[in-house]
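Chain order of the listed sequences is W and V.
For what it's worth, the working numbering labels the leading residue of the first sequence as 1, then goes sequentially.
For what it's worth, the working numbering labels the leading residue of the second sequence as 362, then goes sequentially.
Any given hint might turn out to be false.
Here are the computed lysine-lysine pairs in the DSS-like style, where the Cα-Cα straight-line distance is at most 30 Å [as the list claims (entries may be wrong)]:
#1 W:K65 with V:K554
#2 W:K115 with W:K132
#3 W:K238 with W:K303
#4 W:K132 with V:K554
#5 W:K181 with W:K65
#6 V:K556 with W:K132
#7 V:K556 with V:K567
#8 W:K355 with W:K238
#9 W:K303 with W:K346
#10 W:K208 with W:K355
#11 V:K426 with V:K502
#12 W:K65 with W:K132
#13 V:K556 with V:K426
#14 V:K556 with W:K115
#15 W:K245 with W:K208
#16 W:K65 with V:K556
#17 W:K208 with W:K115
#18 W:K245 with W:K303
#19 W:K132 with V:K567
#20 V:K456 with V:K556
#21 V:K502 with W:K115
Sample of chain V residues facing chain W (criterion: CB under 8 Å; computed from the structure) [as the list claims (entries may be wrong)]:
#22 D418
#23 L455
#24 L460
#25 R523
#26 V543
#27 A546
#28 T548
#29 L549
#30 D550
#31 K556
#32 P564
#33 P568
#34 I570
#35 E593
It is worth saying that the hints were derived from the structure and are not from the lab.
Just so it is clear, CB atoms sit at the ideal spot from N, CA and C, and this is done for glycine as well.
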Amino acid sequence: MAAVTLTNVVKRFGNFEVVHGANIDIADGEFVVFVGPSGCGKSTLLRMVAGLEDISGGDIAIGGKVVNDVEPADRGIAMVFQSYALYPHMTVEQNLSFGLRMNGNPRADTERRVKRAAEILRIDELMQRRPKQLSGGQRQRVAIGRAIVREPQVFLFDEPLSNLDAELRVQMRVEISRLHKELGVTMIYVTHDQTEAMTLADRIVVLKAGNVEQIGAPLDLYDDPANRFVAGFIGSPKMNFLSAKVVDTSNSAAIIELVNHGGARLSKPLRDAFPAIGAEIVLGVRPEHFFEAGEGDCDIPIKADVAEHLGSVSYVYANAGPEELIVEREASRQRAGGDHFTVSIKAERSLLFDKSGARIR
Amino acid sequence: MRTQNATAYRFLTPYLLIFAVFWIWPIISSFLISFQATRTVPWRFAPAFNWGRLIGDPAFYNALKNTLLILVIQVPVMIALAIVMAVLLNSPLLKARGLYRFAFFAPVVVGEVAYSAVFRLMFSLDFGIVNKLLNSIGLPKVDWFSNVTPAMALIMIAVTWRWAGYNAIIILAGLQSIPEDVYEAATLDRVSKVKQFFHITLPLLKPVIVFCAVLSIIGTMQLFTEPFLITERGGPGGGTETLGLLLYRQGFRSLNFGYASAVAYTMAGLAIAITLVQLWLMREPK
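Just chain W, with the same shape it has in the complex:
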């Protein structure tokens, strides 16, 4: 087992910089998820940890040892690829043992490791099959098994569930979580799916355009995002953003006016910063933080366009002026497209962002 430390890690392709000085400390045994939209540099970062991409600047250390110039095979890592990268012409057993056999590992030890991986992943009965005879979930298990037999210090997962259907994805997510508990090794997991990130991670690293936006425990990121991007990216359905204007400030709060909601006003307590009167700001409210009329600090009338009933909850998509709002309600057949109703916002269940997207606390 080993800690992984990224210090000012930079990656350039030619003159184009895709990762701009990433600093990430991953503790021994921790499960860290790199999450972000396509092209944010999360896979590149993972491949740099694996040694499959050169580092243009900074240092990567595994187990306290800088590995910038260490061959991938000598870094003590194992990687699970998005496409599984199984050897198509080999049986499951050969796939699992290939690396060990090629390196002259003693046969008894190879057999022991393969057997253990097969038991952990419950793939004993598939050992003589070839990848094309396996389902997507089984292939994914074999790919993970190939990583397990290496007995690595660090597991790297590159979007391993993105080729699976929704049901299987949930199942494999649980399996990977179980595997982490069972093996107790450091795991770095890359995904663009914030649900995977929220459910799997001890800590999440949110990336955007090659920058680390925020690092923290899933619920910390959810409750206390550092900026508008993180607030919007973490959480499903995503946070609502309402345009607002500061109309007054006192020594502990700002009075804001929701410009697209008929001048509805809200007093938002602030701790650190006080925006100038007249400043354009954005109020963030999660779908589940809209309350019944009169229960919050500021009521706004909306008209439902579409209502989605998921069983346990319903989501009402409403157009309020130029802003589309998503409101979560308890499961109810009451709301339907075309309904007019009023929701209420509580100051303490909303977040403020300035025009650049930075959080105002």
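Guided by the hints, dock chain V onto chain W, whose structure is given.
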């Protein structure tokens, strides 16, 4: 038949007519001709005449031996060479890849007569550049056209020059279809490049290699141009005569259509048999 299908077949009729007249009928006709004595007028049905002659004909065995010899030596060498060329063409270190790809493919588009003439010049006893090069490194001149072994070697060199690049391009397409992450997984498993080639690349290329081998076997069984043009009609003294040449000599020089048809069916039968054996040997394990 539904109207839709009938309309489709009406559009296909011109092609099907031509196909029937110029493909299907000759195939059937030549099979029937192989059972006839065609050097008498009128032709008469004599099932054992041509096929019986084939079994005892030393010229047929000579041509068969030469063809198989070329097949057994030239095809594996060419395929191996094509694999090496494809791997080199696929190297990320290679600059001007498009140019090399064109250069390797170019021999196929060069006219057969032109290339044969150039080979005759290059391998000429007194004026050829090959003998000059041999001399310059202290080796004796080789009379490529008067001795059987050098003449056979010359045929194999020429065929290899002409077709290796073509096969390399096909194999290159196969190489490029192997996903990069399979190699990355092997690199993480500390598998050397050489072992990756033998344990990953070659097995995954197998279907493409089999395809090239089958094409080459069929091509070699029909080999005609090189022994006809380069070693002058299978010379010296029939030393490079192939089945294709024997067929030509019997069918179009001696106008012995019956015997030529029997030779043609033997060539086709052998090509099919060798291909089936090849496919069986290279079959995917269950």
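Check your understanding: Within 30 Å, alpha carbon to alpha carbon, are K245 (chain W) and K303 (chain W)?
Key -> 23 Å, holds
Point to revise | 30 Å Cα cutoff - pair K556 (chain V), K115 (chain W) | key: Holds: K556 (chain V) and K115 (chain W) sit about 25 Å apart, inside 30 Å.
Review point. Within a Cα-Cα threshold of 30 Å, do K208 (chain W) and K355 (chain W) meet the stated pairing?
Key: This hinted pair holds, its Cα atoms lying about 18 Å apart.
Check your understanding: Does R523 (chain V) meet its interface restraint, that is, does its C-beta lie within less than 8 Å of any C-beta in chain W?
Key -> It is violated, given that the least Cβ distance between R523 (chain V) and chain W is near 32 Å, above 8 Å.
Check your understanding: At a threshold of 8 Å, is the proposed contact between I570 (chain V) and chain W supported by beta-carbon distances?
Key -> Violated. Min distance 13 Å.
Exercise for review: Compare the distance between the alpha carbons of K238 (chain W) and K303 (chain W) with 30 Å, and conclude whether the hinted pair is satisfied.
Suggested key: OK: K238 (chain W) and K303 (chain W) at ~19 Å, within 30 Å.
**Study point:** Hinted pair K355 (chain W) and K238 (chain W), Cα distance within 30 Å
**Key:** 19 Å, holds
**Study point:** Hinted contact T548 (chain V) with chain W - closest CB pair below 8 Å
**Key:** 6 Å, holds
Point to revise | Hint consistency between K502 (chain V) and K115 (chain W) [alpha-carbon to alpha-carbon, up to 30 Å] | key: Violated, at roughly 64 Å.
Review point. CA of K245 (chain W) to CA of K208 (chain W), is that 30 Å or under?
Key: Roughly 27 Å separates the two Cα atoms, so the pair holds.
Review point. Holds or violated: are the alpha carbons of K556 (chain V) and K132 (chain W) at most 30 Å from each other?
Key: 23 Å, holds
Review point. Is the Cα-Cα distance between K456 (chain V) and K556 (chain V) 30 Å or less?
Key: 25 Å, holds
In the structure shown, a violation is registered for the earlier hints numbered 12, 13, 17, 21, 22, 23, 24, 25, 33, 34, 35, in ascending order.
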